[in-house]
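Chains as they are written, first to last, in the numbering used here: chain A, 1 to 510; chain P, 511 to 793.
If you are wondering where the hints come from, they were derived from the structure by calculation, not from laboratory data. Here a beta-carbon is modelled for each residue, glycine too, at the ideal position from N, C-alpha and C. It is possible that some hints are incorrect.
[Said to hold, decoys possible] In silico lysine-lysine, DSSO-like type, Cα no more than 27 Å apart, as pairs:
| hint | chain 1 | residue 1 | chain 2 | residue 2 |
| --- | --- | --- | --- | --- |
| 1 | A | Lys161 | A | Lys124 |
| 2 | A | Lys201 | A | Lys124 |
| 3 | A | Lys201 | A | Lys161 |
| 4 | A | Lys413 | P | Lys515 |
| 5 | P | Lys673 | A | Lys60 |
[Said to hold, decoys possible] Ranges between beta-carbon positions, derived for each pair:
| hint | chain 1 | residue 1 | chain 2 | residue 2 | range |
| --- | --- | --- | --- | --- | --- |
| 6 | A | Gly54 | P | Glu751 | 14 to 20 Å |
| 7 | A | Gln388 | P | Val591 | 27 to 33 Å |
| 8 | P | Tyr607 | A | Ala275 | 22 to 28 Å |
| 9 | P | Glu751 | A | Pro391 | 51 to 57 Å |
| 10 | A | Asp157 | P | Pro770 | 57 to 63 Å |
| 11 | P | Pro770 | A | Val22 | 38 to 44 Å |
| 12 | A | Arg410 | P | Lys515 | 29 to 35 Å |
| 13 | P | Ile689 | A | Leu16 | 32 to 38 Å |
| 14 | P | Pro770 | A | Ala12 | 33 to 39 Å |
| 15 | P | Gln643 | A | Leu16 | 17 to 23 Å |
| 16 | A | Glu108 | P | Gly611 | 51 to 57 Å |
| 17 | P | Phe595 | A | Glu219 | 50 to 56 Å |
[Said to hold, decoys possible] Output of the computed footprint for chain P on chain A, the stretches with three or more beta carbons under 8 Å from beta carbons of chain P:
| hint | stretch |
| --- | --- |
| 18 | 21 to 32 |
| 19 | 101 to 107 |
| 20 | 333 to 346 |
| 21 | 396 to 404 |
| 22 | 424 to 438 |
| 23 | 465 to 472 |
In case you want the letters, here they are:
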Amino acid sequence: MRSSSGLVVRYALLALVNALAVYALMALGDLGMWKGFTAVLVATVAIDAVYASGRFVPMKYLLPGLILLLVYQVYVVFYTGAVALTNSSEFNQGTQERAVNVILAQNERRVEDSPQYRLTVLDKDGELAFLVTDPEGEVFVGTADEPLEEVDDATLDDSGKAVALDGYTTLPYADLIGARAREITAYRVPFSEDAGDGSLKTQDATNAYVYEPTAVYDEAAGTITRDGVVYTADEDTGYFVGPDGAELTPGWKVNVGLANFTRILTNDDIRGPFAKILVWTIVFAFLAVALSFALGLFTAIALNDPRMRFRRLYRSLLLMPYAIPAIISAGVFKGMLNTQFGFVNEVLLLGADLDWLGDPWLAKVSLVLVNLWLGYPYMFLVATGALQAIPSDVVEAATVDGAGPWNVFRHIKMPYILVATAPLLIASFAFNFNNYTLVAALTNGGPPMTGAEVSAGHTDILITFVYELAFGGEQALYGFASAISILIFLFVGVISVIGFRQTKRFEEMS
Amino acid sequence: MRWFKATGWRHLYGIALLAVAIFPILFILSASLNPTGTVSDTNSLFSNISLNNYRDLFNDPQNPFLDWFINTQVLAVCTAVITVFLGAMAAYAFSRYRFRGRDAGLTGLLLVQMFPQLLAYIALFLLLSAIGQVFPALGLGSRLGLMLVYLGGALGVNTWLLKGFFDTVPRDLDESAYIDGASHAQIFFRIMLPLVTPILVVVGLLSYVFTIGELVLARVLLGDDVEKQTLAVGLFGFISEQFSQNWGVFAAGAILGALPLVILFQFLQRYIVGGLLAGSVKG
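All chains should be modelled from the sequences, with the hints used to inform the complete structure.
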């Protein structure tokens, strides 16, 4: 019963996937990204094997999701671990070779009083070449591998500028500013066989100048000399370091083992803030779950009476805060909690002057209360469901046996509710442990702790702290931030395991 | 007095709670309509009404609200639809087939949930910057790239939930269809999917809601190009810098941003509540 049009579509899609894969493999090979190369190769072989044959039926349904899951969830967790063992940062990416190239390229200056060359960019089999005309009208051509060489058969325009050369294609203007602009501005043509003479570079694809290097790399010694100062490659820090300790940027990525982790534990300026933030993260997550569950459960009990009218209306209106994205609610409260003009101080508290978001303790209180406003409707829903799922005969039997309402609640209903909701409470704890959105929007971690070596605030939770380390500060410390991420991973993982076991215990009890 | 003891206090409590729940929403609605647009003048509700803030919101090239709104809706809808589809496929495989590695796969999906993808945002940033060297359309600053990240992160959670529902569909149904000559794809599309539509709607809705509110990954992975950003990232920009000046436009943006979700919740509440509770009871 297989339709032939389905077959056509299937093979067309497969062909498309394979074409993209071939392109990706070539590009990855060119860039020397062999991990990515292997991953694409394995994925493509798997896709072909699964979808071109009639076998592996379950894999036909699993594979697309599985690939996404492996790349964007499983791999990145392990990759976080790998990055945590390096000095990876904004300035420490890639290899030492790349760092050398960047440093040499950055330390160049135009040769003083050197002539301006009028430039035409050529293409030969995908490789660029520069066709230049010097002020005297002499014409030269050169590529990255072959230094400038005089030519006499170039086509000149009215101004005497060479615009075309046999065997080459002149790049159209659209390419100069579009598709190949970056390639062109990064391109350099050696002036002569002697590298010390410098090379031709262009910024605008119409004029080229001779640039000479001001830094020299000595590969054998592993040093870069700039303006007479010798910078030596330091394999421990991933930088070229001068005699006075100054570093050339960029550096490169090196393995530092557990240094990032020991830095958290042994550096006093980091350990102190880190410990405070860890404790606050746990307290915040615990309060967030406990308070919203308590309020949600009480509300569920209060509004779950069959005699009561408008129950559905209450429920649907009470859900409103849950429908609004946290980023928006947090912004609304940030406005209402404004010290000078906010509604809370000015109207509710009759002109009080409480610094709700700037005082270390009040900011914590604000976070917990705003989170309660956001979070209890969910717990209300969950608790309502759990209450309604309690078998009525059990409750009736207990009542017949003479148990009062409190005892029925305490000994019959509560265990039921906890069994039903325990997994969700644990999930909620893990969520609030990493509740980046609320903290970032309401207090952004502030007020800042004084005297900390890294940027840290009194209401920072671990994930906002990590964010500042990785993306907020002057230098993005990917390695160090990843080390803290790994600690958070471990913590959340342990909580989940405890949670699952706890759930099992509850289930055995009931 | 008897009325009070039975249901009266419940109403009083409910109304008090409603006041707390609704007031901030009225407050921000009032602020969005207040022409002055600063925090200081918005405490008397609905005293001045104008659409200034809304006009400003749509006429600021530095903060292209319309782009944010469209980006967010497209991203959230596509992510939701594909998430549901991928999740349903995986759930179908786990529910209906017995194959080598099935149990390990299910356990693996449980384990994966213990490591929230969110926490790996540094690695995701580095990964996407590497991918971008080969496929710029999937790298940093790409909305498509961000969607793939969301898709990868959603599967672990959804597969278990969906599998639970697929398991409740009697096997006789697909077995008899199989005997009648239906292919596995026909069974999946024509028999299974229609029967589990309610849970598909729930998973889709939750994914939609999640994507609209997601901040960290969108902020890290979409880059600095304001036209590519999402509503959450854009509104966060209003909040984090010069908030009191931005108050009016933020309020207007908050109202427009929240509106689709609030409406959705009112109309599809049955699905959402039902799904959350089903999830909770089934664990």
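Right, here's what the structure says about each hint:
1. Our distance criterion of 27 Å between C-alpha atoms is met by lysine 161 of chain A and lysine 124 of chain A, whose separation comes to about 20 Å.
2. Of the pairs offered as hints, the one joining lysine 201 of chain A and lysine 124 of chain A holds, with about 18 Å between alpha carbons and a cut-off of 27 Å not exceeded.
3. Our distance criterion of 27 Å between C-alpha atoms is met by lysine 201 of chain A and lysine 161 of chain A, whose separation comes to about 18 Å.
4. A hinted pair counts as satisfied when its Cα atoms are at most 27 Å apart, and lysine 413 of chain A with lysine 515 of chain P qualifies at roughly 21 Å.
5. At roughly 16 Å between alpha-carbon atoms, lysine 673 of chain P and lysine 60 of chain A fall within 27 Å of each other, so this suggested pair holds.
6. At about 58 Å, the beta-carbon gap between glycine 54 of chain A and glutamate 751 of chain P misses the expected band of 14 to 20 Å.
7. Between glutamine 388 of chain A and valine 591 of chain P the Cβ separation comes to about 31 Å, which falls inside the hinted range of 27 to 33 Å.
8. For tyrosine 607 of chain P paired with alanine 275 of chain A, a C-beta distance near 50 Å fails the hint of 22 to 28 Å.
9. For glutamate 751 of chain P and proline 391 of chain A, the hinted distance range of 51 to 57 Å is satisfied, since their beta carbons lie about 55 Å from each other.
10. Taken as a hint, the range 57 to 63 Å holds for the pair aspartate 157 of chain A and proline 770 of chain P, whose Cβ atoms sit roughly 59 Å apart.
11. Here the CB-CB span from proline 770 of chain P to valine 22 of chain A is close to 42 Å, well matched to the stated 38 to 44 Å.
12. Our hint of 29 to 35 Å for arginine 410 of chain A and lysine 515 of chain P is violated, since their Cβ atoms are close to 21 Å apart.
13. In this structure the hint that isoleucine 689 of chain P and leucine 16 of chain A lie 32 to 38 Å apart at CB holds, the actual value being about 35 Å.
14. Proline 770 of chain P and alanine 12 of chain A have their C-beta atoms about 36 Å apart, which keeps the hinted 33 to 39 Å range intact.
15. The hint said 17 to 23 Å for the Cβ distance between glutamine 643 of chain P and leucine 16 of chain A, and at roughly 22 Å that hint holds.
16. The hint said 51 to 57 Å for the Cβ distance between glutamate 108 of chain A and glycine 611 of chain P, and at roughly 56 Å that hint holds.
17. With their beta carbons about 54 Å apart, phenylalanine 595 of chain P and glutamate 219 of chain A fall inside the hinted range of 50 to 56 Å.
18. Residues of the stretch 21 to 32 of chain A with a Cβ under 8 Å from some Cβ of chain P number 4, which satisfies the need for three, so the listed coverage holds.
19. With a threshold of 8 Å between beta carbons, the proposed coverage of the stretch 101 to 107 of chain A by chain P is violated, since 0 of its residues qualify and at least three are required.
20. Under the rule that three or more residues need a Cβ within less than 8 Å of chain P, the assignment of the stretch 333 to 346 of chain A holds, with 10 such residues.
21. Counting residues of the stretch 396 to 404 of chain A whose CB falls under 8 Å from any CB of chain P gives 0; the rule of at least 3 is not met.
22. Check on the stretch 424 to 438 of chain A: 5 of its residues sit with their Cβ under 8 Å from a Cβ of chain P, so the three-residue criterion for coverage holds.
23. Counting residues of the stretch 465 to 472 of chain A whose CB lies closer than 8 Å to any CB of chain P gives 4, which reaches the minimum of 3, so the coverage claim holds.
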